[in-house]
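Chains as they are written, first to last, in the working numbering: chain A, 1 to 139; chain B, 1 to 137.
Just so you know, the hints here were simulated from the structure itself, not pulled from any lab data.
We put the beta carbon where it would ideally sit given N, CA and C, even for glycine.
Be aware that one or more of the hints could be misleading.
Said to hold, decoys possible - Quick look at which bits of chain B chain A covers, simulated, 3 or more residues with Cβ under 8 Å: (1) 6-19; (2) 45-58; (3) 64-78; (4) 103-115.
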Amino acid sequence: MRFDVVEPGTEIPSVSHLVTRENVIKYGRLVSGFNPVHEDDEFARDLGFERIVAHGVMHINFITEMLSSYSGHPERVKKLALDFVKAVYPGDEITARGYVKEVERVGGCLRVTCEVWSENQNGVKVTDRGVAELELPAG
Amino acid sequence: MNRNAIGREYPWVTYEVTREMILAYSGAVEDRSPYFNDENAEVLYAPHTLVGAYTLLLMPHIVSDRELGLDVTKRILHVHQVYEWKRVVKSGDVLTIRGRIADIFSKGEHEFLVFEGDIVDARGNQVVVAQSTLMVG
């Protein structure tokens, strides 16, 4: 893949996933479920949530998936920083979005800084103020 | 939480990234990229967040650290995350997580815990740096 036309404002193709209860529980068990807020509805409600909550790291993978697909190879995704701003629940459909903010030529590469975020099915952001850095082959 | 715990390091955790682990993780996050799912590939790449998620292996140490005083019966929200990938993790990598408390601070009625995980490979080369900020209360 060549990146001759990467310039500030270029939109990154979005990625959407439906978050299921099954995957939230499966994910928690894979990565050491220390917090019952991801498994126990009653526990989650006692803390003020609607029901169990998806792990933040689980749904930011939707953003890294978007960046990896856009860049053409997982090795080209270098940095990501973002804020979690709203709980994600099973049943939410989360869409990762982003656009190119800056492009800098460094040696034989393009260092591309992107603004990224994700939102639920109501268009409400669940992550925000995301900044990602990619290293793409120069055209 | 006890601010004297800032800088505290926890016992290193070492694990091997297996093909089964990658395939199960890719399935749970529904990442369909062939890089992370090709069962016939000689080497499988791991989704970017896998190693960050596995820093949760340190949580039992943090939760049981009475001097730190993290109250897990309170509402704990993951509010900020930073990753810096030096390279992509692959099946067969043996990784060690070196975790430490980077900061503890208060803002309004909430307390914040900043935890850093430095993930290195079997040769001691840095692979990923992950920083997570949790809001408590």
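Hints versus structure:
no.: 1; hint: 6-19; result: violated (count 0)
no.: 2; hint: 45-58; result: holds (count 9)
no.: 3; hint: 64-78; result: holds (count 6)
no.: 4; hint: 103-115; result: violated (count 0)
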